[in-house]
Amino acid sequence: MAGKPKLHYTKGRGKMESIRWLLAAAGVEFEEQFIETKEDLEKLRNDGVLLFQQVPMVEIDGMRMVQTRAILSYIAAKYNLYGKDLKERAWIDMYVEGTTDLMGMIMYLPFQPADTKEKNLALIIERATTRYLPVYEKALKDHGQDYLVGNKLSWADIHLLEAILMSEECKPDILSAFPLLQAFKGRISNIPTIKKFLQPGSQRKPPTDEKFVAVVRKIFNI
Amino acid sequence: MSGKPKLHYFNGRGRMEPIRWLLAAAGVEFEESFVEKKDDLTKLQKDGSLLFQQVPMVEIDGMKMVQTRAIANYIATKYNLYGKDLKERALIDMYVEGIFDLNELFMNYEIQPADKKEQHFANMMDKATNRYFPAFEKVLKDHGQDFLVGNQLSRADVQLLEIILMAEECKPDILAKFPLLQSFKARISNIPTIKKYLQPGSQRKPPIQPEEVPKVIAIFH
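In order, the protein sequence lines correspond to chains A and B. Quick note: the first sequence uses the working numbering, first residue 598, plus one each step. Quick note: the second sequence uses the working numbering, first residue 174, plus one each step.
Bound-form chain A, shown alone (with noise of 0.2 Å):
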């Protein structure tokens, strides 16, 4: 009850993690109602309290906010990780966006066809190491600081780790020939708050192993 935000979404990463993420570093402590069933959706969507009938959902602040994007670039202004004036918040907007459709890739694969998951994974591989994880290294070499932007901790170091440990989970060496996203990687988790977040215990979810999305697809009916 209190004045914490409460998340609306399945038990899973899907959508909502990058949230979890961005509220965790930024030391900020959240509820969550996780939606088990179809009738959970059904229930939420009648007491109207989704503007688009989806989830993501979040209380906060007197809003029921939606929409992933709406809600993370909330978080991010309110606690001062969207960096200092409207130059730095378009290289911020420009790397998060890089890493959400990384992540998005990554995302649906659990939900992909069998017999397309080996290619999608190749994919994602390659677009991971020759399109996305390539432009965080040079721009950390070409400025030579600890974060992307600024030169203080934002919403876009936060992501990037998200999408760095993702990868991993994909392919364990996939750092291999990045070595400022190592050093990085090391750096932002040893945080405080986001040490805390990649702990055990955390609020932070497992990666969607096959009986999940059986679950997810059943409550979203796809």
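Check each hint, because a few of them may be wrong.
Calculated lysine-lysine pairs in the DSSO-like style (CA-CA distance at most 27 Å, straight line) [said to hold, decoys possible]:
id : chain 1 : residue 1 : chain 2 : residue 2
1  : A       : Lys792    : A       : Lys768
2  : B       : Lys311    : A       : Lys635
3  : B       : Lys358    : B       : Lys369
4  : A       : Lys716    : B       : Lys289
5  : A       : Lys738    : B       : Lys219
6  : A       : Lys601    : B       : Lys260
7  : A       : Lys714    : B       : Lys290
In case anyone wonders, no lab produced these hints; they're calculated from the structure. On a predicted model such as this, the values are computed, not experimentally measured, just so you know.
Given chain A, work out where chain B should sit, using these hints.
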């Protein structure tokens, strides 16, 4: 070399059209460099101009910006189309993200294989009339104001008008059950910068013709 923003994309709507709308609504003149064949895209990639090897790309204020939302966010903020505070921004973001989702459906319609087109169309129309338009009709009804957020023009209004017009191209009477959206459409269309953009000869792009689709696919795939 003007100070004008320069847009790099193919000569069609796609993901660049919301950006054209925003610049036009803000009264900002812009130039366009069209990607017409795969070589044009490859050249941009080899020049190192595309952060993630993709377009849209907009040269603006000394940056080569990529990613539709990053570009739109920047333009909206720069030209005061993003609300006056964090809460208004939150509402604008929610509305705009819903509109982007609907725009994805429209954008993907033309590239559907023939056997999937009908179902895609039905889904598109269903989402417009049962999910998105009712939400925006209700927003207008609840506060009774002329604009979606904060009683002043924002990117949410511009992007909603854009998607309304796209939906009407598919189904001319799609606003039949939404009287407030009908008057919204007229009102926003009459804003001078937007009115100008809606006239023939502007940089607004037409819907993609079926015969152009293979060419566009060839550039990007």
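Checklist line | Agreement of Lys601 of chain A and Lys260 of chain B with the hint, judged by alpha carbon distance not exceeding 27 Å | finding: Between Lys601 of chain A and Lys260 of chain B the Cα gap is close to 17 Å, so the pair holds against 27 Å.
Next item on the list: Measure nothing beyond the straight line between the CA atoms of Lys738 of chain A and Lys219 of chain B; if it is 27 Å or shorter, mark the hint as holding.
Entry: This hinted pair holds, its Cα atoms lying about 20 Å apart.
Notebook entry, point to check: CA of Lys311 of chain B to CA of Lys635 of chain A, is that 27 Å or under?
Noted result: 26 Å, holds
Check: Given the proposed pairing of Lys714 of chain A with Lys290 of chain B, does the C-alpha separation stay at or below 27 Å?
Finding: Since the Cα atoms of Lys714 of chain A and Lys290 of chain B sit roughly 25 Å apart, the hinted pair holds (cutoff 27 Å).
Checklist line | Lys358 of chain B paired with Lys369 of chain B [C-alpha distance capped at 27 Å] | finding: 15 Å, holds
Note to self: Does Lys768 of chain A sit within 27 Å of Lys792 of chain A, going by the straight-line distance between their CA atoms?
What the structure shows: 22 Å, holds
Next item on the list: Starting from Lys716 of chain A, check that the Cα of Lys289 of chain B is at most 27 Å away, please.
Entry: Distance ~23 Å between Lys716 of chain A and Lys289 of chain B Cα, so the pair holds.
Against the hints set out earlier in the document, no violation occurs for any number.
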